[in-house]
Amino acid sequence: MGGPADYAVIGKRTTRTDAVAKVTGEARYATDVYLPKMLWARVLRSPHAHARIVSIDTAKARRLPGVKAVLTAQDVPDARYGALVLDMGIFARDKVRYIGEAVAAVAAQDEETAAAAVKLIEVEYDPLPAVFDPLQAMQPGAPVLHENLKGYTTLFERTARAMSGNVNYQADIARGDVAAGFAESDHVFEDTYTVQKQHPSYMEPNSTVADVDADGRLVLYNTTQRPHINQAIVSALLGIPISRIRVVPCHVGGGFGGKNRTLTEPAAAALALKTRRPVRLTFSHEEEFTSATTRHAALIRLRTGVKRDGTLVASEISLYYDCGAYAPTPNAVWLGAISSTGPYRIPHVRVEAFSVYTNKMMGGAFRGYGVPQSNFARESQMDRIARELGIDPIELRLKNCIGAGERLHTGQRLHSARVRETLLRAREMVGWQGAQLGPNRALGVACGMFACGGFATSAIVRMNMDGTATVATGAMDMGQGLRTVMGQIAAETLGLEAADVTVVIGDTDLTPFDVGIFGDRGTHTAGQAVKLAAEDAREQLLASASVALGVAPGELLLGGKRVFARGAPERGLRYSDLLGGGQYKRGGPVIGKASINLTEEPFDPVLVRGAASKMFSTHTFATHIAEVEVDRATGAVKVLKVTAVHDCGTVINPDGLKGQIIGGLTSGLGYALYEDVVIESGQVMNPSFLECRPPAALDVPPVEFDTVEEFDSRGPFGAKGVGNVSVINVAPAVANAVEHAVGARVTSLPITPDKIVRALRAAEG
Amino acid sequence: MQALPAFRYFAPTSVDEALGLLAELGGEAMPAAGGTDLVPSMRQGLFAPKSVISLQAVDALRRIGWDDGAGLEIGALATLREVAADAEVRRRFPFVARAAHAVGSPQLREMGTVGGNLCLDTRCTFYNQSQGWRDTRGACVKTGGEFCKASPNGRARKCFAVFSADLATALVAADARVTLRSARGTRTLALAEFYTGDGAKPNARAPDELVTGVSIPARMQDVFGTYLKYRVRQSIDYPIAGVALTLRADAARRVGDEVRLVVGGVTSRPLVVGAVAELLRGRSLDDALIEQAAALARKAATPLANTAGDRAHRREMVHEMTRRALREALNHAQ
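Note that the protein sequences, when read in sequence, are chains A and B. So for the first sequence, our numbering puts the first residue at 2; every next one is plus one. So for the second sequence, our numbering puts the first residue at 1137; every next one is plus one.
Chain B regions said to be covered by chain A (calculated; three or more residues, Cβ under 8 Å):
# : segment
1 : 1255 to 1267
2 : 1365 to 1374
3 : 1444 to 1454
Think of the hints as simulated: they come from the structure by calculation, not from any bench. Backbone N, C-alpha and C fix where the C-beta goes; we use that ideal spot for every residue, glycine too.
With the rest of the complex left out, here is chain A (with noise of 0.2 Å):
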């Protein structure tokens, strides 16, 4: 085991594959894409929350002049799709269940009168009684989203059995014995948290260009996180086998999450194939925050039994995630599920975990994947159990903090967990003397853990005539970095330098498949495939040079692009001899492949009830710490610095994980002050960044950040994730920070203005 010193390019700085190209604006993205003939489509989308959809009348747009196509559900297979349970298709059919749900799509000539084309289909509705809420959602009687719910198919048995009225997925996990724990414990402390629907807020929307290419074969450019994915959900969805469609990811003008989701493909695919002609949709702003998704807003109950020193006993924990009309992601539900103990070690605890459908836009994947929510819950909580124990918060949560080889509640052991070691650091950083520091100013701790990587990925890294090496991985690089990371990999493990590796991302014809860039698995899991991959290169790289040299294997070194025997470094060869004319000689050209699964076995079927997936490849921690000034007057926060210490193994790309550990600040602060979509009636009151109010650039505050040594026996020299991981303390290290400032505690978030001074005004009667 090695450690970062000993590395000649993993921990070192470099620069980015993609830096000139971004910098200079030649890098390309979906709307940059124009084809010869190229259409435009535009959807026309439900003003209903709730309706039956009695008849679509097309005629009139069709003749339009300069509209080449118009489609509704009756033009396409009827399929769906989805990811636990398949509750969508391309189009409404029957029933719209929100305000924004596609309709129909017109491809025209040009933008205007797509534009025009659209507001010409003529649509009949018979509204419903709709749904907003998703524990109302859950009572008897509340209207129902998907009548057919239990006819859908679902991707695991279990799920299938939980699903009943609106509730999509559910999942339960069971330790210990909950009722005796409250009875062992001192305290008993119950609370009630609610958390809003965020969007991503990508700068790029969601874009296809769909093609038909000279073979007849589909051809997609487009933004997301997922080709690979997207490929096979085309294909059901269209009836057309994988091997006939081609997915060429574009550059990514972020995706945090959203671009794991298939939004503008299935349309632009199916125009496409009608029209035999490019066809492209790209989503307006405000359909991003009217038809694409969010993170899910939730409702969360903990109750929580501890021992008058601390000692956390017991927790029951209900979770109600708000899934919107349709389920893209009901699982993040279960990731917070997995979370919502915290890192800490609760020997009873009981989790209830539902995701339900609403007559709202669907919630979705974003950075922290249902975890803040869980987190800001439990991390609140626990700051709550402190102050009344009257135990400093930093103790608290080193009294109870996790480790490694220890069990999680749903029975996962911990290959690595340095969350102690991210509290002292952080402690240790701000100087901690306790949290207020003066009038209206404090500080505020929160820690988290997040699962992190795991599923099907895979990698082939060919060598070069000239010595180099070219990776192909069907992992996506949406603007975190990837490619550079991958490069850094490939390049420590053949002895080369970073700028000698070319890594070809996403294209499906070009790479093997990666089932999608979500949950910290990019560095993690398609890192350790490039790795393996790199590894294979290079043994078959000695077997040539072990024949060509005539010395044994074991007995090579590679360095400075040459294989040279050990003690004497004059007897060898450059990587260009060896495989450049020579290679022919000396057997088949070097290429290197991995194919590897990094999830564990299922989860204990006596613990977990309704799991949604199998065990993930292992966990990342981290530590922060706001510190906050509040204006009493006005409720205003005013975040002074923040300390962030991460457990994210060995870091490969210093640069990269500073832009994570900034990034997720700047999502989770959003999360903590500005953001909110806000829905009233199914209608999304502000789809604007000017409205929806993510953090600007004078909102962010100034960063100190570290990260703990740690080597995670599973991922690429030891490396786990940060993406998700540095997002999900920052709402309750503020929330903290604010109730030491000012004695305000918000239970709801975002923690806004007016919630700070009416609690300020309830705390002084």
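Chain B: place on chain A using the hints.
Relative to the frame of chain A, chain B by itself:
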């Protein structure tokens, strides 16, 4: 956002040429300066002028100048950045520079102009939306319908859309006058009178008129002034409450005749709260008086649930910003 509707584009290079075009095209044309308000609204289908008359090349309207007699004159085409950075403005009316700097973001201040800020359209949750969004609720008063969607029970026949221009609010407090020109002639009026209070038709500009400039009387240069903008984010956001105050007090902190409190961001105009001026005039500023004045401002500010932010909180912030503005004045007087 949708594609811009088709329109004819004119780019006159002189005021007379622009006025000629406005006279000829009348109500079918809209003048555009920086375009930061007009273009997004056109993309939402809120305006579909047949012609757009760009004023970008009318250099004569860019000037900012001080004259001991006439006071500060600001051409309508001066950008918000230019006003915020101008040495005369900063020296004589720092609160006006501050208000200009409070608008939007650097990019918006680089394009946005004084004339555009004065003519900023009123805003409302139910109005500043795409055509498709608005279609789901039907027309409101501002879009030609009968009732205001934001009013309680949706039965008001008046538009309550909110006027949110930071600079205009400060300029009203500065007792500024606005100049409007048309082929028919020139008129100047008190900026406060320029605003109608009607959200559907927020200002008195006739379709053939052009706002050519604004001036602050020379006497205002030794009057204390401040502008406080309350918002959630540090940039971009419109004010939740914007409060501008000008006030002259003597050494004994006695308030003279020159006192104005103007509130932006809550009603359909820069709201001159006359009751506050009446209360303060001739009285000596102290904490108790400030409390009374702030309560009066709060009473006058009656927002509907028509922009981001909790309604009660918006009123409370009018109270708080008024209190802070008056405390600043008190500190200044001491």
